[in-house]
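Novice: Sequence:
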Amino acid sequence: MGKETKLLEKIELIVPGYHGYKKKELLREDDRIVRGKVADIIALARKDLERAMQRCAMLNCAQLVAIDTMRKKLIALESRIRHAEAGYSGYFDRISVREKEIERLIEYDAKLIETAQAVEAAVKRLNGAMADPNSLGMAVFELDDKVRELEELLDGRKRVIMGD
Numbered sequence: 083m084g085k086e087t088k089l090l091e092k093i094e095l096i097v098p099g100y101h102g103y104k105k106k107e108l109l110r111e112d113d114r115i116v117r118g119k120v121a122d123i124i125a126l127a128r129k130d131l132e133r134a135m136q137r138c139a140m141l142n143c144a145q146l147v148a149i150d151t152m153r154k155k156l157i158a159l160e161s162r163i164r165h166a167e168a169g170y171s172g173y174f175d176r177i178s179v180r181e182k183e184i185e186r187l188i189e190y191d192a193k194l195i196e197t198a199q200a201v202e203a204a205v206k207r208l209n210g211a212m213a214d215p216n217s218l219g220m221a222v223f224e225l226d227d228k229v230r231e232l233e234e235l236l237d238g239r240k241r242v243i244m245g246d
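Numbering (our numbering), first residue to last: 83 to 246.
The hints are simulated quantities; they were obtained by calculation from the structure and are not laboratory data. Treat the numbers as computed from the prediction; the structure is a model and nothing was measured. Just so you know, not all the hints are guaranteed correct.
Capping the alpha-carbon separation at 35 angstroms, the derived lysine-lysine pairs in DSBU-like fashion look like this [stated by the list, open to error]:
(1) LYS193 / LYS92
(2) LYS240 / LYS88
(3) LYS240 / LYS182
(4) LYS155 / LYS88
Hey, can you work out the whole structure from these sequences and the hints?
Specialist: Given below as C-alpha cells:
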C-alpha cells in the first residue's frame, strides 16, 4: 500500500477534488477530474505551441508545418481526453472495481499527469529553441515522442477501465 499511498498523495496535490477511487460513487467523478486536469495541461501546452507557431512564422523557420502538425495532435488529444466520458459511462455502475484495478488506475493517473506535464515542458523547450534550427528540429521530435507516450498511456488506461 506504500506505493499506492505515495501516488495518491502526489495526484491529490496536483488534482483538486481527487479521491483516489475510494468510494464507488466517486469513481466516475475521480475519472472525470483526472481527465479534466490532464486535458487542462494539454490545453496550456497547445496555447504555448500556438505562440511558438506564430514566432516560427515570423522567423520563416522550416519547422512550421511540423509544429502545426503537433498543434493538431494536441487539439485531438485534448478533445480525446476531455470528452472520453461517453466511452466510460456506466462502467463503474456495472462492474465491481477490484482493488488491483484501482491500483492500476492510480498508477495510470499518475503517469498521465506526469506525461502531460512532460508534454508541456517539451513545448516550452520548443519555444526556447526557436532561434536555432537544429535545436528546434530536435525539440519537435521530443514533443512528438511525449505526445505519442501520452496517447499510449491513454490507450492502456482505457483498457484497464474497460476491463480488458
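Novice: Holds or violated: LYS193 with LYS92, Cα cutoff 35 angstroms?
Specialist: 11 angstroms, holds
Novice: Keeping to a limit of 35 angstroms between CA atoms, is the pair of LYS240 and LYS88 held or broken?
Specialist: 23 angstroms, holds
Novice: If you draw a straight line from the CA of LYS240 to the CA of LYS182, is it 35 angstroms or shorter?
Specialist: Holds, because 15 angstroms separates the two Cα atoms, which is no more than 35 angstroms.
Novice: Would you mind confirming whether the straight-line C-alpha gap from LYS155 to LYS88 stays at or under 35 angstroms?
Specialist: 32 angstroms, holds
Consistency note: the structure conflicts with none of the earlier hints.
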